[in-house]
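The lines below spell out each chain.
There are 4 protein chains.
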Amino acid sequence: MSFNTFGHLFRVTTWGESHGPALGATVDGCPPGVPLTEADIQPWLDKRKPGQNKFTTQRQEADQVRILSGVYEGRTTGTPIQLMIENTDQRSKDYGDILQKFRPGHADISYHQKYGLRDPRGGGRSSARETAARVAAGGVARAALRALVPGLRITGYMVQMGPHKIDRAQFDWDQIPENPFWVPDVQAASDWAEYLDGLRRSHNSVGAVIEVTARGMVPGLGAPIYAKLDTDLAAAMMSINAVKGVEIGEGMDAACLTGVDNADEIRMGPDGPEFSSNHAGGILGGISTGQDVVVRFSVKPTSSILTPRRTITIAGEEVELITKGRHDPCVGIRAVPVGEAMMACVLLDHFLMDRGQTGGQRGQIG
Amino acid sequence: MSFNTFGHLFRVTTWGESHGPALGATVDGCPPGVPLTEADIQPWLDKRKPGQNKFTTQRQEADQVRILSGVYEGRTTGTPIQLMIENTDQRSKDYGDILQKFRPGHADISYHQKYGLRDPRGGGRSSARETAARVAAGGVARAALRALVPGLRITGYMVQMGPHKIDRAQFDWDQIPENPFWVPDVQAASDWAEYLDGLRRSHNSVGAVIEVTARGMVPGLGAPIYAKLDTDLAAAMMSINAVKGVEIGEGMDAACLTGVDNADEIRMGPDGPEFSSNHAGGILGGISTGQDVVVRFSVKPTSSILTPRRTITIAGEEVELITKGRHDPCVGIRAVPVGEAMMACVLLDHFLMDRGQTGGQRGQIG
Amino acid sequence: MSFNTFGHLFRVTTWGESHGPALGATVDGCPPGVPLTEADIQPWLDKRKPGQNKFTTQRQEADQVRILSGVYEGRTTGTPIQLMIENTDQRSKDYGDILQKFRPGHADISYHQKYGLRDPRGGGRSSARETAARVAAGGVARAALRALVPGLRITGYMVQMGPHKIDRAQFDWDQIPENPFWVPDVQAASDWAEYLDGLRRSHNSVGAVIEVTARGMVPGLGAPIYAKLDTDLAAAMMSINAVKGVEIGEGMDAACLTGVDNADEIRMGPDGPEFSSNHAGGILGGISTGQDVVVRFSVKPTSSILTPRRTITIAGEEVELITKGRHDPCVGIRAVPVGEAMMACVLLDHFLMDRGQTGGQRGQIG
Amino acid sequence: MSFNTFGHLFRVTTWGESHGPALGATVDGCPPGVPLTEADIQPWLDKRKPGQNKFTTQRQEADQVRILSGVYEGRTTGTPIQLMIENTDQRSKDYGDILQKFRPGHADISYHQKYGLRDPRGGGRSSARETAARVAAGGVARAALRALVPGLRITGYMVQMGPHKIDRAQFDWDQIPENPFWVPDVQAASDWAEYLDGLRRSHNSVGAVIEVTARGMVPGLGAPIYAKLDTDLAAAMMSINAVKGVEIGEGMDAACLTGVDNADEIRMGPDGPEFSSNHAGGILGGISTGQDVVVRFSVKPTSSILTPRRTITIAGEEVELITKGRHDPCVGIRAVPVGEAMMACVLLDHFLMDRGQTGGQRGQIG
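Protein chains in written order, with our numbering: chain F, 6 to 371; chain L, 6 to 371; chain W, 6 to 371; chain D, 6 to 371.
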């Protein structure tokens with residue numbers, strides 16, 4: 006990861022600002038011969054698109070992706086794939102106030118301190134709108150994974166909103182696409198709708214925890230010591246706007262376990278090793294074991310709220326600020342497809358790296 | 006980060022196995038002219054060194070660092086600094102049993118699956134002994150930071166052992182070096198000693214949470230979008246052995262906050278902006294604000310325990326395994342100086358990157 | 006350099022095919038605050054643009070560059086700059102024949118062997134049209150260098166066409182923009198026009214040597230050992246289509262010199278060290294000395310010629326092929342602005358890297 | 006390539022100074038399971054070792070390589086391989102004079118300007134002694150290539166010394182190891198011995214051209230556009246001390262060819278495509294075709310000569326300097342194994358990268 010690029014062999018460089026003419030992703034290192042059209046990418050963008058229900062910002066963006074290069078007659082050629090999304094709703098009148106005032110919780114002050122200037126329109130480069138480019142790149146990664154790792158399924162979902170966690174006993178994969186929160190617990194979906202509606206009406210917002218699981222994994226992905234699979238997943242998720250914590254498997258709660266509890270015991274199943282539990286989140290020593298890879302990340306509450314907060318101006322004056330505009334009361338909702346996209350990109354990248362170094366040959370067991 | 010290297014301009018490549026002749030770090034990109042001798046690095050290694058009290062492994066290692074290159078007459082020359090630590094206590098008789106058996110919770114099985122072979126002596130490359138090389142590299146980073154960012158202080162400490170958290174009201178920086186747990190709460194230090202002693206005697210182990218704080222920060226460090234300061238810190242900490250979660254500022258608990266609570270309001274102080282709180286952990290949009298940078302990471306319990314656990318052999322046979330050897334009941338203790346070292350390396354790297362891109366000139370406020 | 010990206014801190018990723026909808030460059034790491042508009046970039050593209058005289062291909066391309074991101078109110082913001090050039094003249098009817106046949110001297114066969122498929126339209130990614138993106142990126146680099154290294158001048162020119170070399174005694178900087186060959190020797194310009202016209206009419210083509218000189222250099226640029234300034238310049242130039250050789254200073258002829266001849270003796274001038282000669286091409290040990298940096302590269306003759314050549318088809322049949330289309334009899338002419346652009350990118354990149362590592366402070370002499 | 010590291014997946018970081026305690030290479034990304042002992046590496050170091058005849062420096066160095074990590078029971082484990090060579094002959098009394106004086110043609114002045122200080126002992130980091138580490142790394146690359154690309158042969162040899170070129174009609178592969186110049190022309194070997202002896206006695210030195218050929222190539226290696234195989238070879242060779250020019254195939258003379266001459270026509274042979282000639286040097290569009298890869302580079306004459314040259318001191322005084330010490334009259338001789346090592350590293354790296362991106366599957370012909 007460096008500046009605006011992530012990945013080792015599958016390299017994604019995103020570009021663009023919230024209110025510029027367009028944004029996108031330059032995807033380099035994609036394997037050749039992968040079937041790919043805009044129709045393979047668009048559904049993931051649609052999943053992330055704003056304005057779909059009252060819980061997401063009412064900004065209207067078509068978010069239509071165009072492939073400008075790297076594909077010939079419906080298949081990738083191995084050359085860079087340029088994905089462009091034009092910004093159709095660039096009205097910036099809502100943001101005039103924040104040219105001089107630093108919004109608390111936003112990157113306004115830090116960008117100003119670092120660069121000496123900034124594009125204030127909608128947060129410029131620091132806007133979560135950048136994640137649309139990630140989702141598009143994730144669509145490419147998914148298309149390649151479909152060919153290279155058959156059976157792999159990457160699914161993101163919310164497991165916590167504010168203090169409310171899902172009931173793991175009620176976990177139902179099929180519920181995830183059925184509610185606006187991508188939550189696998191039908192009761193939580195109902196409760197959270199009411200809770201969030203109340204917050205929105207009180208001009209407030211709230212944080213969330215998203216979990217992304219990869220099922221149907223292959224063992225051997227991860228490049229120890231400093232490009233471990235969990236290391237790269239942690240970086241990928243932490244790079245998403247508003248994320249403040251990342252967990253693999255047991256996560257922060259690993260601190261509470263004893264060694265006896267934590268040991269994922271191993272048995273021999275019909276198709277290879279099986280584990281009695283998955284505290285490790287599918288990764289040991291930075292390398293996948295074939296178990297499900299489980300990542301969680303927290304998203305802080307939307308900083309743009311209609312409740313006045315104290316701040317300062319560039320000139321150093323102390324003022325109060327209400328961040329008008331069209332904002333999500335819980336940005337965590339739209340972070341779900343972003344987390345999935347990052348997982349897809351990291352897994353493809355590690356598949357390619359591993360194939361490069363080891364040829365993808367596995368040590369036999371049994 | 007790639008394979009065994011981390012960093013962008015300040016690049017550290019660690020090498021070596023637990024029971025090979027030596028291990029070390031190749032440190033590239035260090036600024037020239039930094040005063041540096043082995044005596045600047047050795048104290049940090051001594052802090053991490055095993056066998057110092059009954060709570061850390063009784064393996065005896067001198068952990069004497071030698072500088073083999075990159076320093077002339079006590080100052081860095083700008084060329085690569087090779088740091089070598091010879092392994093003096095390489096007895097591997099304790100480990101004979103694990104050549105065929107995969108230790109649960111260890112990387113034995115995943116290394117075997119990926120590489121088709123592995124160095125079984127003490128965990129080989131996946132041993133936490135690799136962190137000695139990080140600590141040595143961190144010593145170089147600290148020496149450079151002393152010259153470049155005067156006033157910067159990096160301090161690591163434990164904030165949780167098993168279910169027991171420190172009392173933040175009793176936080177005392179001066180207590181940290183006064184107890185074997187690097188804990189800033191004198192009562193916790195006493196309670197934890199008793200708790201851990203019991204675990205050790207029952208052949209068990211436990212996890213922990215370490216916090217690392219950088220005080221005296223400068224604003225402007227961090228390279229959005231994919232080399233954000235928090236992104237690189239998350240990667241750096243997650244790459245440490247046994248780490249399962251990383252948090253910046255409010256961390257996973259950010260999910261529980263509302264937007265009103267979470268906003269770190271800004272006022273104008275005599276020396277520049279001041280914040281009413283630090284939920285952000287000193288980083289906004291991936292860039293440091295000048296507030297303290299606060300990172301936490303969880304360490305899972307030591308997987309090597311004397312309690313028998315079920316596992317399999319390379320041949321696929323199901324067996325029980327007791328992991329003998331000399332092990333820490335809470336590896337989190339010795340992760341404290343490792344976390345500090347990673348913080349030092351990341352901050353120096355970002356200082357250099359920022360100086361490269363922006364010249365280190367800051368946007369004025371007031 | 007990796008896949009489609011070059012540079013360390015100033016990183017350029019080019020994308021796009023000859024006959025796709027667009028091509029461009031994603032420019033990352035540009036310093037903030039640099040005045041930049043399309044008008045700063047367009048003149049360099051115009052210099053490279055085809056169809057300007059009878060010695061360059063008659064393909065008509067507007068080559069209008071658009072800045073899609075990274076600039077706000079006429080100044081760079083430090084975020085990625087997306088430069089897009091739409092392909093307006095995409096007629097591919099001329100190229101139908103080469104879908105099955107490999108053109109000798111072209112990358113058709115190697116792309117097919119590597120990727121299993123290729124975009125045959127105009128050479129796809131391997132077309133020299135990709136260099137338009139480099140020239141656009143070079144325009145950004147020049148704009149930044151103008152602010153950071155005042156007095157620096159980068160000038161490219163032809164020094165050889167076929168067997169005909171310029172007369173160094175007649176070297177005149179002012180002649181360079183006055184003729185279609187960017188040649189600093191007025192007599193050569195006249196002779197070469199006649200020579201090339203003859204070649205073109207006989208359905209043939211010819212190679213060339215281009216020299217690029219940077220005057221007004223600063224010392225200290227270059228990152229030994231493997232990102233030496235000459236190393237990166239060699240890579241940059243060799244990456245240009247059709248280039249087969251790169252020289253720094255004395256170049257290949259350094260083999261003929263004795264040590265006595267080759268020593269660039271040093272004296273003390275009013276403004277610092279002065280050299281009696283410049284066999285080194287301004288670089289010692291990979292680091293600039295402040296002398297002019299002088300790079301040369303050879304460009305092979307255009308492979309697309311109307312004279313029939315023997316080749317094979319994908320099916321393995323032996324055939325004869327005439328490469329129709331609109332081609333330059335000497336692609337070296339249009340390589341001049343490309344070489345300049347690469348020089349600009351490398352120098353800016355090394356300026357930023359050096360500023361990062363050393364702070365740009367120089368060892369004093371005298 | 007970045008600072009002291011080169012390679013993408015097979016990454017080599019060299020470290021160490023001419024007169025420090027040791028120097029070496031950290032080799033990362035080597036495939037696992039490769040048979041490797043010191044005995045696989047030592048012969049290449051012996052080939053480069055000084056003091057073997059009157060044409061190479063009389064400095065006595067054992068140049069014994071030690072493998073400190075990454076190998077277990079005679080096979081690589083996939084983890085970093087540390088190669089250390091201790092400096093046994095560190096006497097620096099010969100070099101006292103050059104602490105204050107900049108040797109013409111050496112990196113003394115540029116290192117001083119960049120870093121503000123330098124290790125003057127034997128040139129410190131800029132000494133050609135660094136190439137011992139490259140040769141050791143090349144030994145690892147050759148061991149891996151032996152397993153991965155059976156039939157590949159990499160051979161370096163001199164083709165020019167001073168103005169004297171070999172007679173290509175007399176080219177004999179078997180002669181190369183039979184003379185001190187690694188020259189494939191028995192008459193040249195004899196003539197050059199006399200020529201060089203004269204130069205040495207007159208306190209002078211001379212340049213050379215080395216050619217490295219890879220026979221038994223596979224097609225498909227090279228990562229366009231900016232990590233083309235020829236781009237990376239050019240960078241690798243230009244990074245060697247004293248190299249001033251690099252050529253692929255026809256090289257600088259490509260400028261003299263017409264398109265008709267330059268076209269390497271293709272026919273269909275029993276085992277696949279065959280070419281009528283190899284002006285391209287085995288690379289088209291940055292990708293290997295399966296033909297021999299042919300690289301040449303020039304080495305300037307040894308700058309350390311006993312003839313006095315004018316220079317300045319750090320204080321700015323003009324002085325005369327004779328560079329005493331033990332030096333090669335033609336450093337090009339010892340550059341032969343260095344060029345071979347760089348070729349081996351680049352080919353292995355590209356083999357792994359290609360296997361990563363494409364799976365090493367080739368487009369069929371016929």
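These aren't lab readings, by the way, just hints derived from the structure by calculation.
Incorrect hints may have been included.
Since the list gives no way to pick out one identical chain from another, each pair is judged satisfied if it fits inside one copy or across any two copies.
Taking lysine to any residue pairs in the SDA-like style, the calculated list, with each CA pair at most 25 Å apart, reads [what the hints assert, rightly or not]:
no., residue 1, residue 2
1, Lys-54, Asp-297
2, Lys-59, Gly-321
3, Lys-329, Thr-263
4, Lys-52, Pro-313
5, Lys-329, Tyr-77
6, Lys-170, Asp-266
7, Lys-52, Arg-272
8, Lys-329, Glu-279
9, Lys-170, Ile-319
10, Lys-329, Asn-184
11, Lys-329, Asn-58
12, Lys-329, Asn-283
13, Lys-170, Ile-327
14, Lys-54, Ser-281
15, Lys-52, Gly-156
Evaluation of the provided hints:
1. When the C-alpha separation of Lys-54 and Asp-297 is checked against a cutoff of 25 Å, the pair qualifies neither within a copy, at 28 Å, nor between copies, at 35 Å.
2. Proximity of Lys-59 to Gly-321 under the C-alpha cut-off of 25 Å is found in neither arrangement, the shortest distances being 37 Å within a copy and 54 Å between copies.
3. Proximity of Lys-329 and Thr-263 under a CA criterion of 25 Å is satisfied inter-copy only: 17 Å between copies versus 48 Å inside one chain copy.
4. Taking CA atoms no more than 25 Å apart as the test, Lys-52 paired with Pro-313 passes in neither setting, with 32 Å inside one copy and 47 Å between copies.
5. Taking identical chains as interchangeable, the C-alpha atoms of Lys-329 and Tyr-77 lie at most 25 Å apart only when they sit on different chains, with a minimum of 22 Å there against 44 Å within one chain.
6. With identical chains, the CA atoms of Lys-170 and Asp-266 are at most 25 Å apart both within one copy (23 Å) and between copies (19 Å).
7. Taking the closest pair of Cα atoms, Lys-52 and Arg-272 never come within 25 Å of each other, the shortest separation being 39 Å inside a single copy and 39 Å across copies.
8. Within a single copy, Lys-329 and Glu-279 get their C-alpha atoms only as close as 53 Å, which misses the 25 Å cut-off; across copies the closest is 24 Å, which meets it.
9. Proximity of Lys-170 and Ile-319 under a CA criterion of 25 Å is satisfied in neither setting, with 40 Å inside one chain copy and 40 Å between copies.
10. Proximity of Lys-329 to Asn-184 under the C-alpha cut-off of 25 Å is found in neither arrangement, the shortest distances being 27 Å within a copy and 50 Å between copies.
11. Proximity of Lys-329 to Asn-58 under the C-alpha cut-off of 25 Å is restricted to the intra-copy arrangement: shortest distance 19 Å within a copy versus 56 Å between copies.
12. In this assembly of identical chains, the alpha carbons of Lys-329 and Asn-283 lie at most 25 Å apart only when taken from different copies (23 Å versus 44 Å within one copy).
13. Neither within a single protomer nor between protomers do Lys-170 and Ile-327 lie at most 25 Å apart by alpha-carbon distance, with minima of 30 Å and 37 Å respectively.
14. For a Cα distance limit of 25 Å, the shortest separation of Lys-54 from Ser-281 qualifies neither inside one copy, at 39 Å, nor across copies, at 34 Å.
15. Taking the shortest Cα distances, Lys-52 and Gly-156 sit within 25 Å of each other inside one copy (22 Å), while across copies they are farther apart (47 Å).
Going through the hint list in order, the structure does not satisfy hints 1, 2, 4, 7, 9, 10, 13 and 14.
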